[in-house]
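Top line first, the protein sequences correspond to chains U and G. Under the working numbering, the first residue of the first sequence carries the number 1, and numbering increases by one thereafter. Under the working numbering, the first residue of the second sequence carries the number 1, and numbering increases by one thereafter.
Heads up, some of the hints might be wrong.
SDA-like, lysine to any residue: derived pairs with alpha carbons at most 20 Å apart [claimed, not checked]: (1) U/LYS200 x G/LEU219; (2) U/LYS200 x G/ARG222; (3) U/LYS118 x G/GLY226; (4) U/LYS118 x G/ASP184; (5) U/LYS200 x G/VAL204; (6) G/LYS478 x G/ARG449; (7) U/LYS200 x G/GLN218; (8) U/LYS200 x G/GLU232; (9) U/LYS189 x G/ASP184; (10) U/LYS200 x G/PRO212; (11) U/LYS453 x G/ILE492; (12) U/LYS517 x G/GLN426; (13) U/LYS200 x G/GLY175; (14) U/LYS200 x G/VAL207; (15) U/LYS200 x G/ALA227; (16) U/LYS316 x U/MET427; (17) U/LYS517 x G/ASP398; (18) U/LYS189 x G/VAL189; (19) U/LYS200 x G/GLN206; (20) U/LYS200 x G/GLY112; (21) U/LYS503 x U/LEU477.
Bear in mind the hints are in silico, worked out from the structure with no lab data behind them.
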Amino acid sequence: MREPVENALPRDGDRTAEPPVFRSILFPPGLEDARAERTEQPACFVDLNLDQVIAAIVARRDEDVLRPIFYSTYRNEEIIRYRQAVFADVERAEVIRIFPGFCEAMRMVRADIAYADKISSRCHRHMVILRAAGLYCEAVATLLRGLQPLDLRSAGLRDLRAYLAGYTDSHGFTTLATQTRDVRATLSKISYGMLFRGDKVTVRRYAAEPDYTVTILDRFAKFRQTHVEPPASPRIRDDFSLNHIEEGILEFVARLFAEQFQMLEEYVARHSQFIDDTVATFDREIGFFVAYLAFIDRLRQAGLPFCRPDVSASSKDTDVAESFDLALAAKLVQERGGVVCNDFRLTDAERLIVVSGPNQGGKTTFARMFGQLHFLAGLGCPVPGRRARLFLADQVFTHFEREEDITNLRGKLEDDLVRLHRTCQVMTSNSVVVLNEIFNSTSLEDQVFLSTKVLEQILAIDAIGVCVTFIDALSKLSEKTVSMVSTVVPDDPAVRTFAIVRKPADGLAYALSLAEKRGVTYAQLRTRVRP
Amino acid sequence: MKTFLMHPDRDFDVRPPSPNEPILFARDLELDVLVGAAAGDDRYLRDIMSAACASAWTNDIATIRYRQAILKDCLANPSLVRQFYAIAIEPFSRERSWYFSLYGRDPSAMLGSGVRTLQSCLDVLARLRNACSANASRFDSQGFHQLFDTLERDLNDAYLAAARTDLNNLTFRRGVLLSAQVGDGGKGVATMLRKPQPRDLSWVRQVLTPGPQSFTLQLHPRDDAGAQAFSELKNRGLSLISDAVYQSAEHVLGFIKALRAELAFYIGCLNLKEQLDRIGESIAFPEASEAPRRFQCRNLRDVCLALTMGRGVVGNDVDANGRPLVIITGANRGGKSTFLRSVGLAQLMMQCGLFVAADAFTSTLHTGLFTHYRHEEDRSMRSGKFDEELVRMGTIADHIHRRALVLFNESFAATNEQEGSEIARQVVSALLDSDVSVFFVSHMYEFARLFLDDDRTLFLRAERGEDGTRSFRLREAKPLSKSFGADLYERIFMPSNAVTGTQAKAGAGG
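For reference, chain G alone in the conformation it holds in the complex (with noise of 0.2 Å):
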């Protein structure tokens, strides 16, 4: 039985990336924000979401495709597809845990729990059936008709029936009877199983005879916290009882398991969805391209930068088709970063199978994404700043197939320019004329001029108004020669100190 709603033909890989290797570009993309917006504070979302965007570069187009036919299917049923998950869920909720857990330390309580839990996963299954058959006209998509016929057929009534009757003799009723000492700090040890006293076992001989002096603990029904503590002191003497109830509630429990997960990644598209409704923001369905070198977008905007700011921002207009490397350069705070950070997103959330925030996106399919930014300095002080920038870039030059995506910040500026523009220069043309695509915002106007006369190139530049204020929005336009450091100077170091006021004027002209 397999559930095929994140690829028409195989299970879907939850594995998250490890901490050991985490999604190379996270950091720069701000992609905890992403995540965050589609999976809250459910940890289990966020492991589910950050998988996707891990293996996003493996799918083909037919897998974005169905896909993105599902998420539609989901965006037009949002509540159905939420009662779906509710249930498929409900084994791994915490207020439901009851139900559903198998105390693995607790081989006593695994007797029972692993009984309690074959039932619970019958009735979720049953239950989730029949949601399923109700409502399958409202679906159109390939992979939700797959999924419905997989549940008619392998979980029909006459199969349910017959696992319940199955279930019903395993339970584990004795009394247990424990001896134990007082040890430091009050801690019951050297605990011991015993022989319970005939009495112990017959209500009959316990009304009848006297038995030694002795107090009673009643565990208060609603209290779980105890509840767990009571099974793990009482089966601390009990150390052998088989595994094999334990081992038939994993097995069922790993299909429900199979199903949530590939739900959990479209509920983590709704709740995105439903965030960017909040703030304004509208989607889009991208169209992957076969075809090289393509990249055009309408209002493209950077969703993070969105939902970090709760509003609407500001979009760009770029068509970049035919020409691999875009260089964007301009103002500080003008929104290049920004730029560079939405380019990265859309293509990420587009291989994933999402939307992505625009009016209009199309771009080639990429094997992979890279992003290069200036960092800190390496905190494991190895090397010094710019040559952990090219240790960096040797690292994506271990990773990288043709046909993919990097993104350059500010990258070989620790340097001078002259040095720096050199190397940007040497690493890029040889990118280029592997087939990979490059974004590159730089200040080094050295380097972007070397490509003044590539037609390969297009250039975009932050702009500023005439009183210095910044539109964030890119236009096409050359790079210029100079920057702006020395505005921000004045403003922020000589309200309180008017002794150099005048060379900050002439620095700036310069």
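Extracted from the complex, chain U is given alone in its bound form (with noise of 0.2 Å):
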């Protein structure tokens, strides 16, 4: 298992006058050798639903490129703040606006590209890298454009700046942009002829011959006595590939034109490697702001705080202000639906929320909150909440209840205790744990007997976590536990208010009550069930 990354580059005192050399918009100069990119999705993502957050926000996205960037977090207080000081420069309105288009054309550059790869035919080789170069050539000059009015902050964003100035003023970049207009524009002009008879194709000039639709239409016209829908609808005409007869056909279009295309044969000798190694980072990188902003500016939309959290690798002092379920707000705010907002903080020898109380008090939803805000803290990104002070942590450990697997034929409680066991040999006081009313299946004895072991071997790692569970005695374990509960509106009980609150856990819960809000009482379900 990989390590996040630690204190112990070189800070920003140690370098010389010289201004640094703009490589990446996620680490800052000097650690660009920090990057440790995996590209398995973290085995708590699931569990906090966090899947469902990356997913929304790679959706429509470069997925294999954003995804191992969201997979990764750092334990690195000078990597984060890079990262958060390019984050407040983006979410300028200003800012953001130019990077989408950017990104868009170089998404289409490097889908050319790969496929240009796989073209084993010359002449169409050469068509998709010059329709590659055009839109590089356009992505690059106007993301220039937009940068260069902007009152940039962030040491990433500057850097950056200067660094396309100077690229795009370069001899190499302007002759490929001026080479590349001159050659598009030379075989746009060519017009051919196709003619199919049975299984051959012969390809000529195009000689003026006059259109044949309407003879053809007189020709079945007997047919049409009665309207007919057509039985399948138009497929959507591939703009971007060619099949191996358009490509074949293309071949004898390069022969009759054979001077225009040993001009494009000429160009593409010239330009063969034609996208800079930095641009390339950038547009990879740039995503992962973009793509977050922009999933979270709906939430902010609908008035959700968003904070920048103040990270410590070392002091495990936690308050968060006013957070929220990610996964839920996103939701809840699609659905016009109210999102509430909890409080917590741990001080000085306090480590684990015991959360008990009510169900659907909101016990999971602030369980997955809390895994939720370490995972955002270790990327860097902007989290929910008023304000956030947050421990940088090595992994994020969950443990949700499974679904019984067919193929897995260990009973439901020997997988539980397995994982559970595996869990706890990997952690260290470094990690945060999430732990969501474990050993269900089990007997009421069988439960508190078995939570209270957890816990106690989970205290004595000395990591960080929240606890769901009905069993109040959890809360009470040592003064490394607080207990918080979940709360109802004293007059309905089937009312939850979602809220959860620090206070000595009460053992009520309104099962009953619940079951008649869902009309499965037994007087309810006796005049539900039809004849």
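Given two chains presented individually in distinct reference frames, assemble the corresponding complex, making use of the accompanying hints.
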């Protein structure tokens, strides 16, 4: 398992007066080598619903590039603060609007180049490279034009702008832009004819033959006595790739118009590798900021607060105000529901929040929020909340109930225990752990016994975390535990407030009122079963 | 013309359950495993088997027996039935798709393909009729004989010959000329259909006069993808051609399609039988009963577990006649969930007209099957776990009718045991009083205890021996008041964690 990077690399003060050369918008100069991206989704994602959040964030974007960035947290304050500063710049409306067009254009450039690599037909490959180069030149020029008038405050974006100004002035880039424009203009003037007969197609120069559609329509008019809907809708035209027949035809067109295609040949020989490494890296990385901010923008517009957390890799003093479950909020805002915010803190020896109280009181949501906050802080992202002081964790462990799986023939309980045991073995004092109603599939006495055992182990390791349970006793295990309780409206216990407050566990539960609300008490069910 | 292999009097509804409204119990019963064994990688068979499962609850006993008789014919003549099916699927198989394709997006090829398709369909029907006529004597069921009679009567030689002669003048043979320009990435753009030059249409002129410079590409005869690309391209400029041929072809294909669908169900059954034979699982034809409160099985096995493990599995003997509530308690990993699933699967298979994995199985015909299993935390996040269970119970109540069957697996345990038991008692009592049959797997001793004196209840218990091993077989026994978590804890945590060994022992005894 990969350890996040610790604070051990050079600080700002160590550098000379030479302006830093921009290389990455994710890692400050000198810390680029800290990059350690994981491609597998972290184990905690499904339980925390971060899989849904990240899926929504990267949807319709370049997932393969963005997912590893969103999967990889860092335990390094300098990296986190560099990113936080970039976020502060990018979230200004006049800044963020210049990036999506750039990223989309670069996505198409990359798609073209990847596609061109697979093309064996020479002139087809060249046509695709030409298309890519045209897009690239336009994208870089547009990005710089957008950045020039802005008042940028983050080191990351200021360095980027300086870099781009130098790059677009270079001889290499200006030559590429001019020649791309010329070759495209020449080729677009070509017109050719294709004569299909049986299993043959003959390609020649277009010789001003008249439009034949009218003739064909007349020939088949007698079949159109009654109106009949076409049995299948036309397929969406593929404007991106050529099949091998189209490719063959293009080869013939190239032979018929040899002069024009010779020009293309020479152009491609000169400009085969036209993408600048730093531009390419920036394109990959800026998506991280844009995608995340686009996602939370909707929530901000609904009035939900986000803040730049004060992070520490050493202090476990935690204080969060008015935070919420990001996944749930995204869903509720979409459906115009209200989102309940919660506070929590851990001070001195406190390590584990034990949440009890009525069901459907927002306990699980609170637990998810706790895990999400720590993960997001480790990415450098703004987090849900009015203000937040958070510990940078090495890992976030979760344990939520799993469904029974027929191919895994161990019983549910054994499965739970095996997974918890594995977790306890790899957990460190720098970890965050989120437990949600563990051992629910077993009897009450087993549940108390096993939960106590497992919590004692976690407390001994000194990780921080949250544990949702209805066993009151767990909140009093040691001075490291803090009790928080979900609350209800006193007059109508079936209506939950979803507020989780710091107070001793009170053992109240409201099962019957809930059953009545869902219409499944004895009397209600008797009337609901239909004849 | 109708095929009548699924119902004595009507067509089979082939629509598989929509992804928006999946079969509610499918996930809990691991129905995918069963359907997978019947269908393999064949998505069509999968859809048909799913459709048959979804509509099982509306079949009456006559329909079940009708299908059982046809299925027995199939089991007696598997290769013949597979031969019928092989003919019936020809129009829809990938290898032969060229003969049956109707290129809707491709109006010029549609004409040629429509003609070709109609000719191929007539050929398929003729061969099918011949195959059936030659072997009719080897089938006993009413269903098959009805089909054979239909084919003989409606597809006689005179009809086939007349239809073929109608198809011979419809071919589009002219050269097609298009113009285009070179667009981005080499794509042909601004395509137009052009009138060919006189020289293009005459062999003689082509030999005698020199043409302009040109290059010709010839399609390789086995290049199917190329053929498709070729015709797509060729027809890019053709936009209006009649749909008449297309429609006739669709009508004929419709009949073959219905036949394919109904035969597909029996092919799925044959596949399933062969899978079970391979792993040594025997089958029996169940007896569906009109009488209420019947449930009796001998060596009833979880067919999905057997298929997953790839070998025979332990079965159970249960006689719950007259006892509509069966409560199953006992050791973790003791075979409780497996038994519950075997009950649901056997009931479903019986009502589909299938055989079951048992030595004998008799059960009341139910109006529906519902499962209420503990699920992972609700991914929609709207409610807490316990409330989510109540919501799902409410959903069941929305759909359930009298004489349904409900399977509960550790339901209502997401709150504390006392509350959970009370809710479970109310739910189960209400169902029993509404003539619904219930199987309930529970760890909640408190819940089971509430029914100890109720003579409508049968108690089963998962056993384990002195050494702690599980037999996976259930026997009739009252619930015990404790569970077995502590030994698992000791085994998993203790080898590497010697801290609390004695406490674990003490806890296990409590």
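Results for each hint:
Using a Cα cut-off of 20 Å, the hinted pair U/LYS200 and G/LEU219 holds, with the two alpha carbons roughly 6 Å apart. Proposed proximity of U/LYS200 and G/ARG222 is supported: the alpha carbons are some 14 Å apart, at most 20 Å. Our distance criterion of 20 Å between C-alpha atoms is met by U/LYS118 and G/GLY226, whose separation comes to about 18 Å. A threshold of 20 Å between alpha carbons decides the hint, and for U/LYS118 with G/ASP184 the separation of about 17 Å falls inside it, so the pair holds.
Between the alpha carbons of U/LYS200 and G/VAL204 the distance comes to roughly 18 Å, so the proposed pair stays at or under 20 Å and holds. Taking the CA atoms of G/LYS478 and G/ARG449, the gap is about 9 Å. The hint holds against a cut of 20 Å. Taking the CA atoms of U/LYS200 and G/GLN218, the gap is about 4 Å. The hint holds against a cut of 20 Å. The hinted pair formed by U/LYS200 and G/GLU232 meets the criterion: a straight-line CA distance of about 14 Å does not exceed 20 Å.
Taking the CA atoms of U/LYS189 and G/ASP184, the gap is near 12 Å; set against the 20 Å cutoff, the hint holds. Taking the CA atoms of U/LYS200 and G/PRO212, the gap is near 17 Å; set against the 20 Å cutoff, the hint holds. Taken as a hint, the U/LYS453 and G/ILE492 pair is honoured in the structure, with Cα atoms around 12 Å apart against an allowance of 20 Å. Taking the CA atoms of U/LYS517 and G/GLN426, the gap is near 14 Å; set against the 20 Å cutoff, the hint holds.
The hinted pair formed by U/LYS200 and G/GLY175 meets the criterion: a straight-line CA distance of about 10 Å does not exceed 20 Å. Restraint check for U/LYS200 and G/VAL207: satisfied, since their Cα atoms lie roughly 17 Å apart, inside the 20 Å limit. About 10 Å separates the Cα atoms of U/LYS200 and G/ALA227, which keeps this hinted pair within 20 Å; it holds. Proximity of U/LYS316 to U/MET427 is assessed by CA-CA distance (about 16 Å); at most 20 Å being required, the pair is judged to hold.
For the proposed pair U/LYS517 and G/ASP398, the alpha carbon gap of about 14 Å is at most 20 Å, so the pair holds. The suggested pairing of U/LYS189 with G/VAL189 holds, with an alpha-carbon distance near 12 Å, which does not exceed 20 Å. The straight-line distance between the Cα atoms of U/LYS200 and G/GLN206 is roughly 15 Å, inside the 20 Å bound, and the hint therefore holds. The suggested pairing of U/LYS200 with G/GLY112 holds, with an alpha-carbon distance near 17 Å, which does not exceed 20 Å.
Pair hint U/LYS503 plus U/LEU477 holds up; C-alpha atoms about 15 Å apart against a cutoff of 20 Å.
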